[in-house]
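Using the hints provided, position chain B relative to the given structure of chain A.
Number of protein chains: 2
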Amino acid sequence: MRVFNFSAGPSMLPLEVLKRVQAKLLDYEGCGMSVAELSHRGKVYEEINAETEALMRELMHVPANYDIIFIQGGASLQFAAIPLNIRINKKADYVVSGNWASNALKEAQNIGKHYGCDYKAIASSEDKVFSYVPKITKSMIRPDADYLHICQNNTIFGTRYNYIPDAGNVPIVNDMSSCILSEDYDVSKYGVIYAGAQKNLAPAGVTVVIVRKDLQDKFAPECPTMLKWKTQVDQKSLYNTPPSLSTYMAMEVMRYVKELGGIKAMQKHNEEKAALLYNFLDSSKFYRNPVNKEDRSLMNITFVSPSSELDDKFVKESEKAGLMFLKGHKLVGGMRASIYNAMPIEGVKALIEFMKKFELANK
Amino acid sequence: MRVFNFSAGPSMLPLEVLKRVQAKLLDYEGCGMSVAELSHRGKVYEEINAETEALMRELMHVPANYDIIFIQGGASLQFAAIPLNIRINKKADYVVSGNWASNALKEAQNIGKHYGCDYKAIASSEDKVFSYVPKITKSMIRPDADYLHICQNNTIFGTRYNYIPDAGNVPIVNDMSSCILSEDYDVSKYGVIYAGAQKNLAPAGVTVVIVRKDLQDKFAPECPTMLKWKTQVDQKSLYNTPPSLSTYMAMEVMRYVKELGGIKAMQKHNEEKAALLYNFLDSSKFYRNPVNKEDRSLMNITFVSPSSELDDKFVKESEKAGLMFLKGHKLVGGMRASIYNAMPIEGVKALIEFMKKFELANK
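First to last, the protein sequences are chains A and B. Take the first sequence: its position 144, counting from 1, is numbered 144 in the numbering used here, and each next residue is one higher. Take the second sequence: its position 157, counting from 1, is numbered 157 in the numbering used here, and each next residue is one higher.
Same shape as in the complex, but just chain A:
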């Protein structure tokens, strides 16, 4: 029996997609081989690779002056790749809105200090345990910064940007790992968008990077070939052997998203699910969402019960009820329901039913 999986990532995939992948696993569309066995230099995989790119471009309305690559390493590897790919004035500004945004800055600083680079936080919400997203105005950003780095959705703390920072001519580099394909974003407002796939897009192991063309030739001389975006742009993500099974599954996920009506339909679906859970939390005297209301994430909804003992009990009992991975991140404790695209509204309803029962039994 399938359970409802609230994991922050890797996370639920659409059941329909898993079924399609399963049906083709031994023989992909009559070619006599599994996708996992296909040479990436052959026609069949090249078509998968091209369709994956085309679907991402179509779904996200990616303008022609951007390239899209599917690579390995996760967002964590991009934390290093970013300062190695965009080095102009050796300075960049970071907004520290959560743990991953903080890690991105630390990695840039670790690397940059060897090259006289000045990477710094221009704002942070650490003062209130990252329960809000800082408001960034143009005057806060150094006009000669190489880029402004933000993290669109903060997986651990359950917040998200509800606005697009005005950075003037400074390109915004946006970590969209936990929200890509969940809402309609204006790609043209960003210089670089990157995302690990394991939340909304595919199994772990593939990372998408959307890079404006003018930001592809600013790399540092010591940037490793494999970290250089231009390497993979020039080779259409096939410079070396790609993570083909995960990339293929990204294609199947995006085909399915398209069938369901594209990103706008996903957004509506996600807004409905989130509203259901937030409304319940707001009406509850037992549970509490600790996040600044206007910055609430649609993807990751954190909540606490009256005590950490009850939180522990909640997590244990919810797993027995088939509601998996609701334990909050160790940095915040409590609970977290990650309700990405693939989580059906029935999952959220089942969670609320369980929450009601748990409250009754424990208040």
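Any given hint could be a false lead.
Derived SDA-like pairs (lysine to any residue); straight-line CA-CA distance at most 20 Å [what the hints assert, rightly or not]:
#1 A:Lys228 to B:Glu317
#2 A:Lys349 to B:Gly32
#3 A:Lys43 to B:Glu317
#4 B:Lys90 to B:Gln109
Worth flagging that the hints you see were computed from the coordinates, not collected in a lab.
Leaving out everything else, chain B in the frame of chain A:
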């Protein structure tokens, strides 16, 4: 109908493994989730991760003073990681026995030139289109080299080391991408062994690195966190989200290899397959294997017909006969049969039957 897939990588997986993966794809051993959906911080995936490591250690007899990590990026990313992880005297020696060995050196040089490092080729077989493996003696290696880099099996050219170079106290770093698990290697003779999974181990997207403990704290200060072996050793390959589906499939492949009798059984199976094809080639007046006999690969067997026109015809017609991806690499032309662990002997027999028929029709 399944075909025989002679691709150099990604390549054939054991049909039995694909069937097992398929059967569990929607619900992994009753947990209600696909492996692709499992949180890497949960008990089920942690067990998979631990078993994958344990199987590799058992099958390859990896001594206790080595750690094994499963990471992203492929061997190509390791080409950069190696000189960033082992920097002692800022010099290292490379044996250029093929295209990938050459790429490993070039990447080290690209990075090293910014830090005053001296990475050089101490031997090359480029003079004869890499048709042999250079003989390395201790006197050729700088005694204060940080490491000696070799590539055990040369996928494109179809050669392999038939000896272990004596490098004295200089650790040998060995790219085993196209031969890991195919023969019984003495791990203790090497400082580092690394391999992309997509030939003998798993679908593309996971890379194994086996690192001796004393080589884990020699990294350069500017080494990105994600490229540092120690990062993943300390976190048991779970520093960031792992390529969990590919890693899991590596576990299934290694379980199966163990069931079949382990590496010694694989080696016997591989020697039989290779002997069959080499014997046929040696007895043929139509086909020719262009490689130095004693350096012949067990995994990648290259051959040519009397003309490049016939080679092209061979590739086309073999595909129609269900023998896929026999085209040789563009650097050498001709044909290449990659016969990794998962290729059954029936595949080699079918290839030889086709070769006989093709010869009859075209001689």
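Okay, the hints, checked on the actual structure:
With a CA separation close to 39 Å, the supplied pair lysine 228 (chain A) and glutamate 317 (chain B) exceeds the 20 Å bound. The suggested pairing of lysine 349 (chain A) with glycine 32 (chain B) holds, with an alpha-carbon distance near 18 Å, which does not exceed 20 Å. Annotation: proposed proximity of lysine 43 (chain A) to glutamate 317 (chain B) holds, straight-line Cα distance about 16 Å (limit 20 Å). Pair hint lysine 90 (chain B) plus glutamine 109 (chain B) holds up; C-alpha atoms about 11 Å apart against a cutoff of 20 Å.
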